[in-house]
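Student: These protein sequence lines map, in sequence, to chains P and V.
The working numbering applies: residue 1 is where the first sequence begins, and numbers increase by one.
The working numbering applies: residue 1 is where the second sequence begins, and numbers increase by one.
Wrong hints could be hidden among the right ones.
Copies of one chain are not kept apart here, so a pair can be met inside one copy or by any two copies together.
Quick list of in silico lysine to aspartate or glutamate cross-link-like pairs, EDC-like style, CA-CA up to 16 Å [as the list claims (entries may be wrong)]:
#1 K206 <-> D398
#2 K313 <-> E67
#3 K129 <-> D332
#4 K48 <-> D179
#5 K393 <-> D179
#6 K48 <-> E224
#7 K348 <-> D57
#8 K48 <-> D251
It is worth saying that the hints were derived from the structure and are not from the lab.
One-letter residues, chain by chain:
Protein chains: 2
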Amino acid sequence: MKNLVGAAILGQSGGPTSVINASAAGVFIEALKQPNITAVYGAKHGVKGILNEEFYDINKEDLKELELLKNTPSSMIGSVRYKLKPLKKDPSDYQRLLEVFRKYNIRYFFYNGGNDSMDTCNKISKFFKSEGYDCNVIGVPKTIDNDLFGTDHTPGYGSAAKYVATTLMELYHDATVYDTPMVTVVEVMGRNAGWLTAAAQLAVAKGQGPDLIYLPEVAFDYDEFYASVAEVVKRKGKAIVVVSEGIKDKDGKYVPEHYTSLSKDSFGHAQLGGTAQILADHIKEQLNVKVRAIEFSLLQRCAAHLASKNDVKEAYMAGVKAVRAAVKGSTDKMVGFERVSSNPYKIKYKLVSLAKAANTEKVVPAEWILPNGKGLTQEYVDYALPLIQGDDKAPLVDGLPRFANLKKILVEKK
Amino acid sequence: MKNLVGAAILGQSGGPTSVINASAAGVFIEALKQPNITAVYGAKHGVKGILNEEFYDINKEDLKELELLKNTPSSMIGSVRYKLKPLKKDPSDYQRLLEVFRKYNIRYFFYNGGNDSMDTCNKISKFFKSEGYDCNVIGVPKTIDNDLFGTDHTPGYGSAAKYVATTLMELYHDATVYDTPMVTVVEVMGRNAGWLTAAAQLAVAKGQGPDLIYLPEVAFDYDEFYASVAEVVKRKGKAIVVVSEGIKDKDGKYVPEHYTSLSKDSFGHAQLGGTAQILADHIKEQLNVKVRAIEFSLLQRCAAHLASKNDVKEAYMAGVKAVRAAVKGSTDKMVGFERVSSNPYKIKYKLVSLAKAANTEKVVPAEWILPNGKGLTQEYVDYALPLIQGDDKAPLVDGLPRFANLKKILVEKK
Chain P
1 MKNLVGAAIL
11 GQSGGPTSVI
21 NASAAGVFIE
31 ALKQPNITAV
41 YGAKHGVKGI
51 LNEEFYDINK
61 EDLKELELLK
71 NTPSSMIGSV
81 RYKLKPLKKD
91 PSDYQRLLEV
101 FRKYNIRYFF
111 YNGGNDSMDT
121 CNKISKFFKS
131 EGYDCNVIGV
141 PKTIDNDLFG
151 TDHTPGYGSA
161 AKYVATTLME
171 LYHDATVYDT
181 PMVTVVEVMG
191 RNAGWLTAAA
201 QLAVAKGQGP
211 DLIYLPEVAF
221 DYDEFYASVA
231 EVVKRKGKAI
241 VVVSEGIKDK
251 DGKYVPEHYT
261 SLSKDSFGHA
271 QLGGTAQILA
281 DHIKEQLNVK
291 VRAIEFSLLQ
301 RCAAHLASKN
311 DVKEAYMAGV
321 KAVRAAVKGS
331 TDKMVGFERV
341 SSNPYKIKYK
351 LVSLAKAANT
361 EKVVPAEWIL
371 PNGKGLTQEY
381 VDYALPLIQG
391 DDKAPLVDGL
401 PRFANLKKIL
411 VEKK
Chain V
1 MKNLVGAAIL
11 GQSGGPTSVI
21 NASAAGVFIE
31 ALKQPNITAV
41 YGAKHGVKGI
51 LNEEFYDINK
61 EDLKELELLK
71 NTPSSMIGSV
81 RYKLKPLKKD
91 PSDYQRLLEV
101 FRKYNIRYFF
111 YNGGNDSMDT
121 CNKISKFFKS
131 EGYDCNVIGV
141 PKTIDNDLFG
151 TDHTPGYGSA
161 AKYVATTLME
171 LYHDATVYDT
181 PMVTVVEVMG
191 RNAGWLTAAA
201 QLAVAKGQGP
211 DLIYLPEVAF
221 DYDEFYASVA
231 EVVKRKGKAI
241 VVVSEGIKDK
251 DGKYVPEHYT
261 SLSKDSFGHA
271 QLGGTAQILA
281 DHIKEQLNVK
291 VRAIEFSLLQ
301 RCAAHLASKN
311 DVKEAYMAGV
321 KAVRAAVKGS
331 TDKMVGFERV
341 SSNPYKIKYK
351 LVSLAKAANT
361 EKVVPAEWIL
371 PNGKGLTQEY
381 VDYALPLIQG
391 DDKAPLVDGL
401 PRFANLKKIL
411 VEKK
């Protein structure tokens with residue numbers, strides 16, 4: 001545990017959320033207060049910005065605008081999907097990072113992201129240590145997928161879950177408006193973990209939700225699916241079905257793989273999408289009913305106007321706690337949440353080892369999935385409800401959100 | 001002008017909006033107060049409900065739930081797309097309607113809808129008159145398309161426009177988050193009138209909007225389109241393009257017509273959709289960049305959580321004014337808005353002849369479209385901004401909207 005004096009840098013990584021900037025606000029505002037932190041930087045496009053020596057000078061920003069970051073969606077300083085190669089295979093990125101850290105005397109590194117980003121954090125931290133360079137590295141969790149290990153939930157999940165539940169309740173009213181048969185298939189993000197799709201159950205709990213929910217945790221069976229949809233249509237005249245983009249059959253094949261070969265993104269994950277449309281087309285063919293496929297797409301991860309107040313607060317505090325922990329000498333940790341109680345809702349902030357958080361996906365527990373695989377239990381509802389409480393959004397100007405407007409002045413290259 | 005004593009019925013027709021139920025609340029709550037109105041009915045699925053003698057007894061509903069209708073999206077009593085045949089061709093529907101109206105002594109008929117619904121209203125009113133049956137018929141305007149003639153704007157437009165502008169601002173932040181080239185194509189509803197697509201300009205006015213906007217009012221030129229997108233990508237690295245689902249080339253061909261033959265809905269309109277995806281696929285092919293197609297789909301017409309306060313208020317008042325006008329003896333009219341001033345925003349309620357409102361589509365005036373056809377002028381922004389002002393949404397319970405919950409007790413058939 002070392003009390004270091006030097007600059008601090010924050011990087012944002014992976015897919016944005018409604019509250020990743022709230023964590024940035026927490027890191028920036030807290031870091032600016034710390035006497036041991038001599039300068040505060042924001043890496044332009046995460047680790048890429050460090051490699052390129054491109055960082056914004058946060059000391060030059062107005063505090064008022066940094067405060068507005070709390071309600072500004074997405075990644076204000078730019079995100080990145082960049083996977084460091086294994087050190088043994090190619091040490092050049094690691095060496096370059098160390099060179100930049102030394103040059104600017106960066107002693108605090110905060111990285112805000114999901115599994116892959118925690119892995120990046122961990123690798124960098126290990127390398128610095130092996131080279132004898134003191135730098136406290138703290139991960140700040142973030143992902144709408146809620147699949148990070150070592151924390152009760154992740155910032156970003158509550159707001160995305162609130163979007164999914166609210167929008168499904170609204171769609172429930174819209175999709176049942178005519179007296180003609182109709183099937184609506186809604187596709188929710190989530191590659192391997194069905195947490196976000198599970199939020200559909202919150203609408204079901206209000207009696208205004210979908211009829212069927214399909215998570216990636218349960219092997220997808222086409223025959224069962226079409227039969228279930230047919231049964232609902234026969235009984236109610238219409239059906240609303242929510243599917244995760246990541247549903248796959250017992251052999252691990254995704255829905256779009258029946259039709260097209262999949263391209264891969266730079267982390268090696270399959271690029272999904274189109275699942276709802278494909279299923280809707282097949283329902284139309286089989287049942288001869290009107291269908292509509294709706295993909296929540298990027299909307300579910302950037303709808304800051306529907307952010308949960310608890311989520312915004314926790315995202316901000318995760319950033320604050322990261323800085324405080326680092327300044328006190330912690331390193332190689334990720335900020336996590338421990339749930340003390342659900343009713344009343346109470347959490348404790350804690351530090352989790354990066355190694356533990358990195359690259360382990362936390363899926364929806366089997367005991368929270370209904371025996372028929374098509375919905376969630378009350379335990380899930382009790383778990384999720386506190387996370388979507390309260391409203392907290394940007395002030396309105398002309399009826400539209402007033403998002404943060406940073407100057408984004410790049411630090412002069414040394 | 002006759003002061004009639006009898007029952008009143010409201011029908012909801014056409015595509016739902018966030019505030020069509022606010023107009024229902026206005027009609028119901030005001031009608032319940034009127035001594036000349038002996039019973040208040042809500043037709044189940046519009047004119048179909050009248051033909052089938054299926055109406056809800058609004059006198060049996062709780063006032064508190066009727067108040068909650070103001071913030072409940074979609075059509076609570078069920079909507080319909082049903083086009084009456086020309087009287088000369090087939091009088092059976094008209095005769096059946098008259099029979100039902102006589103049987104229940106319905107003397108006030110309110111119909112909430114767009115162009116087609118105003119036409120339905122007008123036809124029924126004319127027929128009743130020719131048969132000597134006294135019934136005051138008042139149309140209540142409604143459409144997210146804002147294409148109704150005889151009114152400054154329509155209830156439903158402001159909230160949908162607010163959804164489009166807010167969501168595009170959020171997408172602006174999300175879609176520009178990586179430093180890799182990317183084109184996002186967003187599809188907005190609007191068959192022939194580009195009013196809703198035009199709302200993208202409100203995001204542009206905030207410096208957080210799309211790069212290109214394509215309205216159905218301007219003949220779509222594929223070469224120009226791909227060249228414009230390429231130019232933006234070259235200049236900025238990414239492009240956000242908003243297209244109306246109704247864009248068509250100089251020969252009137254819609255984008256999906258290049259690929260599939262179109263089916264027709266029961267009003268004879270082409271069923272659109274998929275435009276954004278088709279264009280995105282072609283951009284990918286031509287420019288070799290990552291693309292994403294986003295269709296706002298039903299979300300743009302039922303996102304009551306983003307409703308404009310002005311819109312909710314005006315929708316409600318349109319219902320109230322309809323009842324008051326009918327009770328005073330007006331018939332064959334639609335409630336319309338006349339703009340007194342934009343700053344400060346002030347409107348006057350007026351009555352427009354149904355014949356004038358029916359079947360005439362009001363498109364975006366040519367002088368409000370930029371000379372290059374890819375955006376809107378400040379005049380449009382000045383026109384639209386007052387319509388999206390203020391928030392007004394359902395109270396939250398468990399962090400989710402508490403929508404109206406009607407008993408929906410059907411009137412016993414006579």
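Student: Please sort K313 with E67 into within, between, both or neither, judging by C-alpha distance up to 16 Å.
Tutor: Answer is within: at 12 Å inside a copy they meet the 16 Å cutoff, but 33 Å across does not.
Student: Quick one: K348 to D57, C-alpha cut-off 16 Å, is that within a copy, between copies, both, or neither?
Tutor: For K348 and D57, neither the intra-copy (32 Å) nor the inter-copy (52 Å) Cα distance is at most 16 Å.
Student: With identical chains treated as interchangeable, where does the CA-CA distance between K393 and D179 reach 16 Å or less: within a copy, between copies, both, or neither?
Tutor: neither (37 Å within a copy, 27 Å between copies)
Student: When Cα atoms must be at most 16 Å apart, do K48 and E224 count as within-copy, between-copy, both, or neither?
Tutor: Neither: 46 Å inside a copy, 35 Å across copies.
Student: Given identical chains, is K206 near D398, meaning Cα to Cα at most 16 Å, within a copy, between copies, both, or neither?
Tutor: Between. Shortest inter-copy distance 10 Å satisfies the 16 Å Cα cut-off; intra-copy 33 Å does not.
Student: Given identical chains, is K129 near D332, meaning Cα to Cα at most 16 Å, within a copy, between copies, both, or neither?
Tutor: within (10 Å within a copy, 82 Å between copies)
Student: Which holds for K48 with D179 at a C-alpha limit of 16 Å: within a copy, between copies, both or neither?
Tutor: Answer is between: at 10 Å across copies they meet the 16 Å cutoff, but 54 Å inside does not.
Student: As a check of your reading, is K48 near D251 (CA-CA no more than 16 Å) within one copy, between copies, both or neither?
Tutor: Neither, since 36 Å and 48 Å both go past 16 Å.
Hint compliance for this structure: hints 5, 6, 7 and 8 are not met, and every other hint is.
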